[in-house]
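6 protein chains.
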Amino acid sequence: MKIKVILPVITKEFIDPTLEEVEKFASKGTEINAECIEYGTASIECKYDEMLDAPGIIKVAEKAQSEGFDGVIIDCFGDPALEAVREKLDIPVVGPGRVSMLYAADLAHRFSIVTVLENLLAILENRVMEVGLGSKLASVRSVDIPVLDIMNIEKLTAALVDESIKAIEEDGAHAIILGCTGFLGVVDNLRDALKKKGYEVPVIYPVAVAVKYLETLISLNLAQGKRTYMPPPKKERNILERL
Amino acid sequence: MKIKVILPVITKEFIDPTLEEVEKFASKGTEINAECIEYGTASIECKYDEMLDAPGIIKVAEKAQSEGFDGVIIDCFGDPALEAVREKLDIPVVGPGRVSMLYAADLAHRFSIVTVLENLLAILENRVMEVGLGSKLASVRSVDIPVLDIMNIEKLTAALVDESIKAIEEDGAHAIILGCTGFLGVVDNLRDALKKKGYEVPVIYPVAVAVKYLETLISLNLAQGKRTYMPPPKKERNILERL
Amino acid sequence: MKIKVILPVITKEFIDPTLEEVEKFASKGTEINAECIEYGTASIECKYDEMLDAPGIIKVAEKAQSEGFDGVIIDCFGDPALEAVREKLDIPVVGPGRVSMLYAADLAHRFSIVTVLENLLAILENRVMEVGLGSKLASVRSVDIPVLDIMNIEKLTAALVDESIKAIEEDGAHAIILGCTGFLGVVDNLRDALKKKGYEVPVIYPVAVAVKYLETLISLNLAQGKRTYMPPPKKERNILERL
Amino acid sequence: MKIKVILPVITKEFIDPTLEEVEKFASKGTEINAECIEYGTASIECKYDEMLDAPGIIKVAEKAQSEGFDGVIIDCFGDPALEAVREKLDIPVVGPGRVSMLYAADLAHRFSIVTVLENLLAILENRVMEVGLGSKLASVRSVDIPVLDIMNIEKLTAALVDESIKAIEEDGAHAIILGCTGFLGVVDNLRDALKKKGYEVPVIYPVAVAVKYLETLISLNLAQGKRTYMPPPKKERNILERL
Amino acid sequence: MKIKVILPVITKEFIDPTLEEVEKFASKGTEINAECIEYGTASIECKYDEMLDAPGIIKVAEKAQSEGFDGVIIDCFGDPALEAVREKLDIPVVGPGRVSMLYAADLAHRFSIVTVLENLLAILENRVMEVGLGSKLASVRSVDIPVLDIMNIEKLTAALVDESIKAIEEDGAHAIILGCTGFLGVVDNLRDALKKKGYEVPVIYPVAVAVKYLETLISLNLAQGKRTYMPPPKKERNILERL
Amino acid sequence: MKIKVILPVITKEFIDPTLEEVEKFASKGTEINAECIEYGTASIECKYDEMLDAPGIIKVAEKAQSEGFDGVIIDCFGDPALEAVREKLDIPVVGPGRVSMLYAADLAHRFSIVTVLENLLAILENRVMEVGLGSKLASVRSVDIPVLDIMNIEKLTAALVDESIKAIEEDGAHAIILGCTGFLGVVDNLRDALKKKGYEVPVIYPVAVAVKYLETLISLNLAQGKRTYMPPPKKERNILERL
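Chains as they are written, first to last, in numbering that gives the first Met the number 0: chain A, 0 to 242; chain B, 0 to 242; chain C, 0 to 242; chain D, 0 to 242; chain E, 0 to 242; chain F, 0 to 242.
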């Protein structure tokens, strides 16, 4: 089984660490390929970035299907261009944000999302509503560290622990979702730190659940429903060849 | 007051009829300018189109603000890239879809939207939810005529009358929203035809309400809230110069 | 275009300042007339007042239509007797509360209402639900100043600033609605004071948006839908001639 | 225990049959008194009627408390002026509509209301929402017989049976609420007729449940909460002495 | 009229104090009988207990109907096995939790439940949702005293007062529901203590309202609807004879 | 990895076909063990059955954890005793119903569940609400074939096709969930039959998704959150030793 991980940004430095992390969770026999977009933004921290990256994401996704990949992950918690790609492709397309919310909704009464910047709070709340899980959301919180600065694992973990505890104590969260797919390599530290302080809650790692979920879809021959994501009608379109 | 109407598609033939229609509703003293995008799609009938047109919309919108326009209308019922443009601009940005829903919610207990293709049904339902008006929606229906074929006013009106009556009789609609900004010049015919058949309901014309609403925002010095639509952080972005 | 502003109370002293404020926002060519009711209450601060004023409101509204007015504003944030008047009249009838909520729902992810007394908190929450915007409401707050004491602009503004900041910081509001049509002449001060303290949020002024919205309805030939607001059946009624 | 039943209309002919019916359900030792209003409307079939009757209802209710009654029923399914009277009085005030909905919500997964005229459909839907039971409502239906014509028991019962079966078969109702307190003396016939046709569903009779519920409140020393229904502030009010 | 109160636990010591309390509220002529289950748990403080007690509850309930009782109360705030018993029995079956929520929803804009342990918080929130009253819930709080330790009336009352005030001040509750049917003999003290501190809110006592509500159902010939609670199909079942 | 599949009924004939089907979907290296309960019911078709089977389910589940299994599936679409078992166990416990709903919510705008008998309609609707996915539910439908008669694959498939098409055409479903874990070996036939008739929708097979989801939880070291499913307090319990 061959999976394409689309890094929906122009920052090629994200490819290797992401690939490494994704491969940790993939089953034996799953082949992973990661690819950035050519034209777009260095990171995604608002709708403005999502929209600028959308055509690039579509371009890489279409190529992936034509090259015989069995499924696609759009590797950003905001699931940018997810609906558009699902319309265009027949192979399953997975958004780590949606999947994380659904897993959290099964494992706990209420969940919080901890993301990078407060720019994303209203946007992610809207995403939760769209998935239909508004009544399960305790809160969306941010560590206030830009995506391009989250390499400092220690600082990031400390901030994640702080916000997670506030989510549990003040907002009533029973599970925590890491709200950025760039939060690499911190999930175990966060879980342990929370446990040490007496907070034993499921911590959902979007990269991990997205891989396992996509593998499940492929193995069960499932994909996005075409009554929801109808194929785009034919017409003139002149942007993809520019990118 | 100077208003920029962005036609978020590459079909320049839409400019003149739209301009003509918009000017009918604009107040004296309001200067209207309409502009297409360079790279994108010929029409918008799905999320795929919305995403491919988004960067072009952003480009025209940014230019409009820098050229001193007082407000922007993104002239498509799906309000493509609305959030992104609202983040980037300080002048008020109006989406005809959102405004039409809010007007309908005031005037009637429940409303239906009649749009072009069934590709848009789930998408528009999600839009209504996002605006927070899910409990006011009777249904979304389509005339099953592609955007590029809606110039046949007679055929279009007949189909709109049919679907509107079904919306009223079967779905319990008390108001009808024209769900495509390309439905030009049919609102009076539709209203009259419905009235003649005994259905006296408000028919919301998105082009008209968008213009009046934007004029109101400008005159009251109101615009999108910056706590919801926070300005995009600085970073490398390389797509707009390609378009 | 002739607009009747109904002051739904018996306090004639409200007429002049209201008229002055409304005229600030009306378009050139719009003729405004304001009128109190004869029998009712000095101000509206609870459902008890709303109910006692309802027949008087209806009486003035019916007269307005028969005198050829083009539209009516019931000038109280609680929109008293709005549904009843909308049933009886064919010309458009506007409630400043409903309209303010709808405008706020467009401009921001979540809004708060700041009103006079805590008597109104549950009542206004119910109003928001009725309009269908429950998921957009951050909170309803009160300055705890009775309607008849809000002439002290300085004290009022200070209290409005305080409650607005609490709404933003504690309740997550992204926009503020002035929750009393008697809050005259403070909107600019409030907006400036908030901005100076770093809170740049849309402040919705119900008097202003009601006027612009009614002008829009009249110019677009729109009014309340008669499937929602069906005309009252004929029968004996003996109260209006007493008032 | 002394209970005042307010007939919120000016039609004195309703007093005797209502009293007779209420007394059937009252416990031994409960003293019932029924009273019309002086100024208002002959029946209630829309918001217009509700508003015109509101001051009269308030007047009778205030008198009832001052005369030592232990509780009040406002005998109309629309619960007109309920909130206002609850604010003003300390003794428990019961609305037959609210109580019927709450009983139905306990006994069945989903309920329908069958009322007199379609004028009331949107109004009653809003009432259900306000009580918080929107997710329990299957539908509101009408027999299309005006209040003043419902004395023809046979015709009324036939229409109620028809609409109840449609509510069950088409809307998924598991219980039926009689949506007019003027539907006197038909509940047993309706229940039997439905049963004979194979539809064994709870039929909620608002007059009956209102009496039993008010007796319960009085005996348990319960009444409307004063944080929800805060006492009206003092001020000039000049209408009650006119009525 | 003969009512069976099922104590859904194996602790026979609960019978006498419960019986005493129930009889306080029953009407003259109502015969009350209380009975424990043979096999189950000493108290109910989680879903695990509810499930272990369910067959025992069913056994006692079936016996009650066959012995000619007119109605059944399952005397635990969590309403364990309520749906199952309602399916099997024709006589009315009442759950004190559901009824308390419905009464509170009538009397106040929003209510809080104060229960024994935090194990029950998510469970009771789900119950409120199931009844359809999610929008009326201010909060669920716990006194953190296990069921088997609540005999210390003084300590219990103090804790209830504390949590009730927090519910009012911090969560916006306008009514308080005692969230455990084992909270016997404290309702008056709690109400008085709250009143003395300036909090005059309805306090709903589940034992009392359950008795009055069941009496009402029996006297009006009402019971659970059989379209919601359909009779269990015939099949082999081998557990009840073991208990 | 060792997984225990609990067949929550006393019908041992279900073990072999279920085991065979589960093993089709399990990964290589996953060891599956299936076990019935000793005391309970022959099948589950209502809440009465669920409650009678609950203690038996708990008994088998506790044994599974003590014997070193890594996870448990309660193999019934109604997820009987799921919360109770999740409270008691530390290893992950999966309910096929919940998981199916969450997968469907990702893949399609709206889903329908097709189950065995109409006894389950209200019960399953409540389950969907509890998971928080009420807004994603198109309908619950039944084939009206009792669990013990579903071995006739041809008749079953025909009925499933019929109801699925009604769900799509009349209720607006975009995905179908098989609403009974006893619907073995029909998923491919159903999908093909629907496709042949032009309905290409995801068909969710609860047995399959439950296995893959549990494997995911185990491999990612995830389990039910203990703030939602708190461990049962210690106390006397005397039923499990009877079963």
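Calculated directly from the structure, the hints in this document are not laboratory data.
Do not take every clue at face value.
For identical chains, the list gives no copy identity; a pair is met inside one copy or between any two copies.
To be verified - Simulated crosslink set (EDC-like; lysine to aspartate or glutamate; CA at most 20 Å straight-line):
1) LYS194 / ASP170
2) LYS233 / GLU20
3) LYS58 / GLU240
4) LYS11 / GLU22
A quick look at each hint next to the structure:
no., hint, result
1, LYS194 / ASP170, "within (18 Å within a copy, 28 Å between copies)"
2, LYS233 / GLU20, "neither (38 Å within a copy, 28 Å between copies)"
3, LYS58 / GLU240, "both (9 Å within a copy, 18 Å between copies)"
4, LYS11 / GLU22, "within (18 Å within a copy, 41 Å between copies)"
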